[in-house]
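**Q** Sequence:
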Amino acid sequence: MRDRIFEKGTRVDGRGLNEVRSLAASATVLPVTHGSSLFERGNTQTLATATIGSLNDVQRLDAPVGPENKRLMLHYAFPSFSIDETPRRGGLSRREIGHGALAEKSLAAALPGSEAWPFAVRLNAETMESNGSSSMAAVCAGSMALMDAGVPIAEHVGAISVGLVTETDEATGDVTKHALLADIMGLEDVLGDMDFKIAGTRGGVTGIQLDCKPAGIPLAILKEALGVAKRARGKVIDAMEAAIPRARRDDLGEIPENAPRFAALDIDASLIGKLIGTGGKTIKEIQQSTGATISVDQPSVPSVPENGVSPGVAGVSLTVAPRGRVGIFAPNKKALDLAVERVGAIATPLAVGAVVDATVIDVKPFGWILRTPGLDEGMLHVTEYQWDAKRIETSDYLPLGATVSVKVTETGPGGTKFSRRQTTEPPEGYKPRESLPRPRAPLGRGAGASAGRGLGGNANTGGGFVRNPDGTLKRPLERIKQKSGSEE
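Residue numbering for the sequence shown follows the working numbering, beginning at 1 and increasing consecutively.
FYI, nobody ran anything at the bench for these hints, they're computed from the structure.
Predicted model only: the values in this text are computed from it and were never measured.
Incorrect hints may appear among the rest.
Stated by the list, open to error - Simulated restraints on C-beta separations:
no.: 1; residue 1: D13; residue 2: S93; range: 23 to 31 Å
no.: 2; residue 1: A154; residue 2: P87; range: 40 to 48 Å
no.: 3; residue 1: K70; residue 2: K223; range: 28 to 36 Å
no.: 4; residue 1: R391; residue 2: R249; range: 53 to 61 Å
no.: 5; residue 1: I392; residue 2: E341; range: 56 to 64 Å
Just so you know, even glycine gets a beta-carbon here, dropped at the ideal spot from N, CA and C.
Using the sequences and the hints, build the whole thing.
**A** Below, the structure is given as structure tokens:
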């Protein structure tokens with residue numbers, strides 16, 4: 001094999017030294033999973049699946065140094081049937097653990113930060129067939145599965161393995177002749193001098209691993225190998241992009257309905273307590289009814305000057321309104337839509353003129369107590385139920401638990417008020433009833449002609465003072481002055 005490479009410049013399968021085996025790639029091969037892909041390079045084939053979870057699903061690490069957890073977990077499997085063997089299957093081998101760690105680190109560099117993409121993800125790379133560099137195939141299949149699941153990685157991570165065949169001077173040990181082989185197969189790995197695994201994007205390297213049989217490899221050869229790997233990696237990425245050119249997007253309807261989703265909403269700091277509820281009752285009820293997981297990031301208290309405002313632009317003072325952030329993680333689209341609707345109703349203050357569907361929570365003789373989806377409570381007075389002015393019994397129209405569409409007519413310290421009749425047009429010929437002044441009760445004691453006028457006298461001038469047309473005193477002190485003068 002080695003002589004053929006040096007003498008004829010060809011390899012055992014007839015390829016050129018820098019030629020990559022035939023490539024094939026496809027995405028969404030398993031429609032039930034969050035993301036899946038199949039990558040094939042020659043006789044090496046890997047099936048990858050991606051499962052998305054919340055940040056509560058991260059793998060927690062118990063180590064004296066290093067990170068406390070990791071969001072990307074890749075499990076690499078190399079079953080015996082992939083190389084036509086049938087031994088008894090035990091636990092994972094050191095080879096599988098090492099290859100999985102290499103593939104995981106190569107893809108972790110492309111994963112967005114937790115602020116931009118607050119998820120954890122598990123990749124399963126199953127080697128279906130192997131004839132060289134199955135770990136690099138796991139990287140390629142894993143990258144496509146991530147994009148298929150909607151993980152917003154900027155570009156594909158491709159991977160390739162570069163081999164080496166050398167001739168050395170027996171006296172000095174110096175390399176006198178060498179040949180680099182792109183995309184080595186199993187025989188070339190066994191009989192060659194190097195297996196240089198290199199993973200990365202078109203613009204850079206994300207992971208490397210070097211296995212070599214000689215005591216060392218000259219640095220110049222390693223630099224040359226990086227160039228060979230970059231050109232071969234570009235061909236691999238071309239095949240991957242042909243299968244799935246970018247990460248699937250939810251706004252374009254490309255994410256499966258059963259795939260997890262995340263949304264973030266801003267909320268006024270004063271409404272956070274209403275969202276959480278007494279003892280967390282409200283937020284727990286939303287989570288149980290929708291299946292979503294909700295987290296609330298309360299704002300830190302900003303430093304406010306003595307005047308209570310913060311400086312704005314060009315000397316204009318701006319009042320600071322602290323706002324929190326609500327994160328919603330849902331296992332599917334339906335759950336996310338329900339949770340966003342519930343949280344959004346609470347996070348949006350009730351506005352006058354808005355029409356909402358409210359639920360009756362109490363029935364009074366004079367009206368109904370209603371609760372909106374945003375948990376705002378208010379009164380629907382019996383006079384605001386319909387345009388007809390006839391008297392109605394509240395219990396005959398809206399029982400407990402009934403839903404009614406109402407218009408918000410008033411909010412504020414005095415409470416919230418609703419109107420059902422203002423959600424419809426008034427009937428033809430309807431005339432609003434004119435409001436009359438409310439008569440005042442007469443003053444004074446007794447009954448008959450002297451009622452309300454002291455001890456008798458004329459209704460307008462009796463007692464030495466003048467009354468208004470409605471019977472009230474016009475100059476109440478005049479009588480007192482006259483009385484005091486007569487006593488003197």
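**Q** Each of the hints needs a verdict: does it hold here or not?
**A** Here is how each hint holds up against the structure:
no.	hint	verdict
1	D13 - S93: 23 to 31 Å	27 Å, holds
2	A154 - P87: 40 to 48 Å	41 Å, holds
3	K70 - K223: 28 to 36 Å	32 Å, holds
4	R391 - R249: 53 to 61 Å	58 Å, holds
5	I392 - E341: 56 to 64 Å	33 Å, violated
Violated hints amount to a single one, hint 5; each of the other numbered hints is respected by the structure.
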